[in-house]
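Given chain A, put chain B in place with the hints provided.
Those sequence lines, one after another, are chains A and B.
With numbering that gives the first Met the number 0, letter number 68 in the first sequence gets 67, and the count goes up by one each step, no holes.
With numbering that gives the first Met the number 0, letter number 176 in the second sequence gets 175, and the count goes up by one each step, no holes.
Worth double-checking, as some hints may not be accurate.
[As the list claims (entries may be wrong)] As a list, the in silico DSS-like pairs of lysine-lysine whose alpha-carbon atoms are at most 30 Å apart:
| no. | chain 1 | residue 1 | chain 2 | residue 2 |
| --- | --- | --- | --- | --- |
| 1 | B | Lys13 | A | Lys7 |
| 2 | B | Lys13 | B | Lys149 |
| 3 | B | Lys149 | A | Lys7 |
| 4 | B | Lys150 | A | Lys7 |
| 5 | B | Lys13 | B | Lys150 |
[Said to hold, decoys possible] Which residues of chain A face chain B? A partial, calculated answer using Cβ under 10 Å:
| no. | residue |
| --- | --- |
| 6 | Asn5 |
| 7 | Lys7 |
| 8 | Leu8 |
| 9 | Tyr12 |
| 10 | Val18 |
| 11 | Thr26 |
| 12 | Tyr37 |
| 13 | Trp44 |
| 14 | Ala47 |
| 15 | Leu48 |
| 16 | Lys50 |
| 17 | Ile54 |
| 18 | Tyr58 |
Bear in mind the hints are in silico, worked out from the structure with no lab data behind them.
Where a beta carbon is used, it is the ideal one built from N, C-alpha and C, also for glycine.
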Amino acid sequence: MEEQGNEKLSQAYRVGIAVIILLAALTIGEFFIGSIAYNWSWPLWGIALIKAAMIIRDYMHLPRVFASSEEGAE
Amino acid sequence: MTTHADTLSEYRYKTATNRIGLWLFILSDAFVFVGLLVSRFYLFGGQRPELNQFLGLIVTSILLASSFFMNRAESSIVHGRVTAFTRNTLVTLALGVLFLIGVVGVEWQIAPFAPGDNAMASVFYTMTGFHAFHVLSGVIFLAVVYRNGKKGLYSAERHWPVEAAAVYWHFVDVVWVFFYPALYLMGRPVG
Numbered sequence: 000m001e002e003q004g005n006e007k008l009s010q011a012y013r014v015g016i017a018v019i020i021l022l023a024a025l026t027i028g029e030f031f032i033g034s035i036a037y038n039w040s041w042p043l044w045g046i047a048l049i050k051a052a053m054i055i056r057d058y059m060h061l062p063r064v065f066a067s068s069e070e071g072a073e
Numbered sequence: 000m001t002t003h004a005d006t007l008s009e010y011r012y013k014t015a016t017n018r019i020g021l022w023l024f025i026l027s028d029a030f031v032f033v034g035l036l037v038s039r040f041y042l043f044g045g046q047r048p049e050l051n052q053f054l055g056l057i058v059t060s061i062l063l064a065s066s067f068f069m070n071r072a073e074s075s076i077v078h079g080r081v082t083a084f085t086r087n088t089l090v091t092l093a094l095g096v097l098f099l100i101g102v103v104g105v106e107w108q109i110a111p112f113a114p115g116d117n118a119m120a121s122v123f124y125t126m127t128g129f130h131a132f133h134v135l136s137g138v139i140f141l142a143v144v145y146r147n148g149k150k151g152l153y154s155a156e157r158h159w160p161v162e163a164a165a166v167y168w169h170f171v172d173v174v175w176v177f178f179y180p181a182l183y184l185m186g187r188p189v190g
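Extracted from the complex, chain A is given alone in its bound form (with noise of 0.2 Å):
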C-alpha cells in the first residue's frame, strides 16, 4: 500500500516535471521570437495557447471538475 502510494507520487513528480521542462522550452522560444519579428503574433498566440492549456490540465486539473466526489479524490 505504501509502496503503491510512494510510486502514485513519483508519477505525480515526473509529471510536473515533464510539464515545466516544456513550458521553459516554449517559453524561450517565444522570447526569441518575439525578439527578431515584432509581426509574429500568431505563432506567440498558439504557444501561450498551448502553455495555458498544459498548466490548466495538468497542474490545475481541470479533469477533476467533472469526475465524480470519489473519484476527484484521487
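Okay, now just chain B, sitting in the frame of chain A:
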C-alpha cells in the same frame, strides 16, 4: 451513528461542490483579464510599450517555476507528505514575492512612462497592476495555507484549502502566460 467513512464521504461530496464554485469564480475572473487583453489590442494593436524583454522573461520564468512548486506541494499533501507540502509551499510563496518585486519593484520603476502619460501606459499599468493584486492575494492565501499545514490541519484525505490555493495560483500563472507576450513580445516597440 456517524462513522468516519460517512464523514469522509460527506467531505468529498462538499469538496466536489466547492470545486465547481471555485471554477465558476475563476471563469468570471478570467473575463476581466480577457477584457484587459482586448483593450490592449484595441488601443495599441500592432505596437507595444518599450519594455525590457529580458526582465519580462525573468519574471515569467519565476512565475512558471512557482507553479511547478505549487503542483509539487499539492501532490505531496494528496499523498500525505506534510513536510514536502510545507517546503514546496514556502518555495512557491517566496517565488510569488520575487515576481511582485520584479514587476512592481523593478519593472514599474524602470518603465519609460508614467501611468497617466498615454493610453498605452495606462493599459500597461492596469494590466500589470491588476495581475499583481491577484499575485498578492495568492501570496496571502498561500501564507495561510502554509501556516495551517504547519499546524497539521491537512491530510491526504482532507486538503480542500490546498487544492483551492493551488488552482487559484495556477490561474494567476495562466493569465500571465497571455499577458507576457501581449505586453513584451507582440508588436513594434514604442517609447
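Status of the hints after comparison with the structure:
A threshold of 30 Å between alpha carbons decides the hint, and for B:Lys13 with A:Lys7 the separation of about 25 Å falls inside it, so the pair holds. As the CA atoms of B:Lys13 and B:Lys149 are separated by approximately 24 Å, the hinted pair is consistent with the 30 Å bound. Simply put, B:Lys149 and A:Lys7 have alpha-carbon atoms about 24 Å apart, close enough for the 30 Å limit, and the pair holds. For the hint pairing B:Lys150 with A:Lys7, the CA-to-CA distance comes to about 25 Å; that is within 30 Å, so the pair holds.
Between B:Lys13 and B:Lys150, the direct Cα distance comes to roughly 23 Å. Compliance with the 30 Å bound is thereby established for this hinted pair. Hint on A:Asn5 holds. Least Cβ distance to chain B is approximately 8 Å, under the 10 Å limit. For the restraint placing A:Lys7 at the interface with chain B, the shortest Cβ-Cβ distance is roughly 7 Å, inside the 10 Å limit, so the hint holds. Because the smallest distance between the Cβ of A:Leu8 and any Cβ of chain B comes to about 4 Å, under 10 Å, the interface hint for this residue holds.
Below 10 Å, beta-carbon pairs count as interface contacts, and A:Tyr12 has one with chain B at about 6 Å; its hint therefore holds. With a least beta-carbon distance of about 7 Å to chain B, the hint placing A:Val18 at the interface is held under the 10 Å criterion. At about 6 Å, the closest approach between the beta carbon of A:Thr26 and any beta carbon in chain B falls short of 10 Å, and the interface hint on this residue holds. Satisfaction of the interface hint for A:Tyr37 is found here, the shortest Cβ-Cβ separation to chain B being roughly 5 Å, below the 10 Å cut-off.
The beta carbon of A:Trp44 is positioned within 10 Å of a beta carbon in chain B (closest approach about 7 Å), and the interface hint is therefore held. Interface restraint check for A:Ala47: the shortest CB-CB distance to chain B comes to about 5 Å, inside 10 Å, so the restraint holds. For A:Leu48, the interface hint holds, the least distance from its beta-carbon to any beta-carbon of chain B being 9 Å, beneath 10 Å. Against a cut-off of 10 Å between C-beta atoms, the interface hint on A:Lys50 holds, since the closest Cβ of chain B lies about 5 Å away.
For A:Ile54, the suggested interface contact is upheld, since its CB lies about 5 Å from the closest CB of chain B, less than 10 Å. About 5 Å separates the beta-carbon of A:Tyr58 from the nearest beta-carbon of chain B, less than 10 Å, and the hint is met.
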